[in-house]
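Read off the chains here:
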Amino acid sequence: MILTNVLEAALEIAVSTGADYAEIFAEDTTSGLTDLVDDRIRNALNRHSIGVGVRVFSGLRYAYACSSGLEPEAVLSAARKAAAALADGTAQIQLPHLSGGSCENHHPVSKPGSEVQLADKVALAKRAYRAARDYSSEISQSTVSLLDVDRNILIATSDGLMVTDRQVRSRIKINAVASKGSENQIGYCGPGAHKGYEFFDEIDIEGVAAEAARQAVTMLHAGYCPAGRMPVAIDNGFGGVIFHEACGHSLEAASVAKGMSEFSGKLGEKVASEKVTAIDDGTIPGAWGSVNIDDEGTPNRRRVLIENGVLKSYLVDKLNGRRMGMETTASSRRQDYTFPPVSRMSNTFIAPGTDTDEAIIGSIEYGLYAKKLGGGSVNPVTGEFNFAVNEGYIVRNGQICEPVRGASLIGRGSEVIRNIDMVGMNLCREQGMCGASSGSIPTDVGQPMIRVSEITVGGRK
Amino acid sequence: MDFAQFSAAAAAYAHENGISDYQLYYQSDSSDQFSVFSGEIDRMSSAQVEGVSLCCIVNGKKGNASTEAFNEGEIPVLFQRAMEAAEFSGDETEETLYTGGDYQQVKCCKTDMSDAAAVKERLMSVEQIGLNADERVQKGLMAGISNITSRRAISNSAGLYLESEGSMSVFSVNVVAKDGNGKKYNDHAVEAKADSREMDIAKLVGRAVEKTVAQIGAAPVASGHYPVIFDRSQMTAMLEIFSSVFSASQVQDGLSLLAGKTGQKVASEAVTLVDDPFYKDSFFPCAFDAEGVPTRTKTVIESGVLKQLLYDRAAARKDGVESTGNAYRSSYDAPVTIAPFTFYMKPGSLTPEQLMQKADKAVMITFMKGAHAGANPVTGDFSLESKGFLIENGKIVRAVEEITVAGNFYQMLQNITDVANDLTVNTEDGISCCGAPTVLVSDLAVAGC
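From first to last, the protein sequence lines are chains A and B.
Position 100 (the first sequence) corresponds to 100 in the numbering used here; numbering is contiguous.
Position 46 (the second sequence) corresponds to 46 in the numbering used here; numbering is contiguous.
Fair warning: there could be bad hints in the mix.
DMTMM-like, lysine to aspartate or glutamate: derived pairs with alpha carbons at most 20 Å apart [said to hold, decoys possible]: (1) B:Lys-318 <-> A:Asp-88; (2) B:Lys-183 <-> A:Glu-415; (3) A:Lys-126 <-> B:Asp-91; (4) A:Lys-126 <-> B:Asp-443; (5) B:Lys-184 <-> A:Asp-39; (6) B:Lys-120 <-> A:Asp-88; (7) B:Lys-183 <-> A:Glu-269; (8) B:Lys-61 <-> A:Asp-88; (9) B:Lys-280 <-> B:Glu-240; (10) A:Lys-461 <-> B:Glu-92.
Since the hints were derived computationally from the structure, they do not count as laboratory data.
Computed from a prediction, not measured in an experiment: that's the story for all the values here.
Hey, can you work out the whole structure from these sequences and the hints?
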């Protein structure tokens, strides 16, 4: 991607003003978006994103400069800007020669989206559209987005590390709209993987589209969700968004290191109910949130965050690790070269427990069964979080009863993870995009069905 | 190779290969950021990113491809991808290049960054100003400045060439406070200026501290239906979340519920919504939209009646009307959608205090979060994590937290009974394309304890 002598010259410039560490991140990414509405292609976009980011540390402060393009001058210019911004004296460190090459690949790809004909992409999107529309005459519209990314990265550091990786991802997002009179309701499914287009041969596209349509039609005939505090059974799969928001973000070093998390200084303490074991595993083959190496070049790993309720690990990147006196946990990620990386999640899930789904539902006298969940957000300082229920049902006397429309669930992370008092056995992960200071990145959330003994349900009734 | 050289090379390639209709959309963004934590320098960064999107029209059909690689070798690939995309694009077969119109003169806003050192010095003082302002404020204030400049250009094979530029300096301050029981509260203040020297840092810190400590003692309210006051920042947020319901293409595709509603009453009489690309507080005023069509001011809702939707060229062709100049691209590589420029609700005559008195008992919302999942323009439904104050006898009695406010945007427009006189655009703790005064909504659901 960039000649070794250019990288070495750029690192030399980067450390020339007193940096104790320098890193070059180069990226060459092609991506495709095939976006269909009303059975016609609304957008077929092909993007080529290419550029470099240079980061230098001096103790706890850092400077970052990025530029589009990968010509030698773009790389050297970014290095000069980062060094000028740091301006902390003269060169302090000796640079070893760079050595290395492509990293070990755990995510083999047979058909990258960048090599698939547009005609084939269009045909696939149309199949999904047709299946959603055919589900019911109440489905008035469907939108389908096919996304493919072929991301090639190179990381070179003042420690002498030089490593490259190719990250290929594919995803389909299907929205179905059900209408009656002056009302619309929607359903959504969005499976994805760290794989090429072979992923779409592995899943049942028509089945996924029908599932989105089923949600929309069910919600069209549902009443409003109740408002107030009550027990909630949250189903597996995207239900794992509760851990992602209530706890995961607050374990990221970017918040923890500066004391800006309610979990700062809690390592080794019991922070959750002992039913809760939570894992962030960036190594799962082919999983949406997996990467061979993080965006600082560290080989990925499996991180046990909480074990039987006890906080075992944070998610740590190199810079915040300095403030915390901790090594990186290979958690450093970024959307692209325009963002300096920070600690982020990968595939994060609550591990299977010992309760059956029947026992969980059966234990609720009056409450909510949250079957399909949407995204959310959190303020790690206070732990206040929210996430959306897209499809809910009232539970009465241990039985799942009538469906109710979407509502947000809110609470404080440190309180709510103590309220997870039942954990089911059937673990499932689903895919999302996670937004934070280093941009939007692919992550999995997951869990078996769980019970939260009490949480605020933001309904309308 | 810069954009001019790239354009020339693209023209040569198009000529050689018999490609007659194409358009280039160029964007160049540069930014400098500086942030402090606890009175110490934390981060300095700079970014220089440029990209170009090519749109080819083949047999009346349009296809796009984009790149950040400005070199000769990229040009054939870019044309090949855009032309392949055109082959498969929609059912539209009457796409043409836009050849130009009558453009208003706009004053380009240029940020003066000459006193960067002085600005940094002032940011370093934020910690002490915050700690002195209130004893409950915790050490570790964060403050930052971003100077952002964005330039874009459109050039096409029909001879159109347009350029625009805008810039702003955005200041932010983040404050954490702690009450007697050790419970933490967090808020921030953000403000943008065309000239960073005009920024009153002490005032910004003061506002961030005031907003944070005002939350101390907050508790939920009982779940139920309440009259709800959205302060101007949160009514602005509502307009931003739901602005796509006024997009004609969303309406045409059944993704907005405003189909067939033009000329009808869709909101209470207190509501007038205007889209003004030339609004005085806009940092990026622009005489043309993402398709090169001249921009203009338009009233979308007047005294509750839907006057018109927002159009780009394709949606306008479908409805047999003119484009309103609302084609929008969030970035050079993003698809063209439809969006307002500066979209605001016209102010009424009451002061916010008079509006509170009129409400008598209400929940006032001053903060909402989670709109990307908890609100949907296709259905109009929202259920959002919120904070604010309980109003009784027309006065604030205490802070409120851990509540949600839920309803439907279309119904809420009908239920806005009063609009205050405190309209702001673009400056109140969030950089937005929207603006609103404080409003009173007669009935929304609040979930609390």
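Here is what the structure says about each hint:
Straight-line distance between C-alpha atoms of Lys-318 (chain B) and Asp-88 (chain A) comes to about 60 Å, which puts the hinted pair past the 20 Å bound. Taken as a hint, the Lys-183 (chain B) and Glu-415 (chain A) pair is honoured in the structure, with Cα atoms around 13 Å apart against an allowance of 20 Å. Taking the CA atoms of Lys-126 (chain A) and Asp-91 (chain B), the gap is about 14 Å. The hint holds against a cut of 20 Å. Taken as a hint, the Lys-126 (chain A) and Asp-443 (chain B) pair is broken in the structure, with Cα atoms around 42 Å apart against an allowance of 20 Å.
A hinted pair counts as satisfied when its Cα atoms are at most 20 Å apart, and Lys-184 (chain B) with Asp-39 (chain A) does not qualify at roughly 51 Å. Under the criterion of a C-alpha separation no larger than 20 Å, the hint pairing Lys-120 (chain B) with Asp-88 (chain A) is consistent with the structure, at around 16 Å. The suggested pairing of Lys-183 (chain B) with Glu-269 (chain A) holds, with an alpha-carbon distance near 19 Å, which does not exceed 20 Å. As the CA atoms of Lys-61 (chain B) and Asp-88 (chain A) are separated by approximately 55 Å, the hinted pair breaks the 20 Å bound.
Using a Cα cut-off of 20 Å, the hinted pair Lys-280 (chain B) and Glu-240 (chain B) holds, with the two alpha carbons roughly 19 Å apart. Between Lys-461 (chain A) and Glu-92 (chain B) the CA atoms are separated by roughly 44 Å; this puts the pair beyond 20 Å, and the hint is violated.
In terms of the numbered hints stated before, the structure departs from hints 1, 4, 5, 8, 10, listed from lowest to highest.
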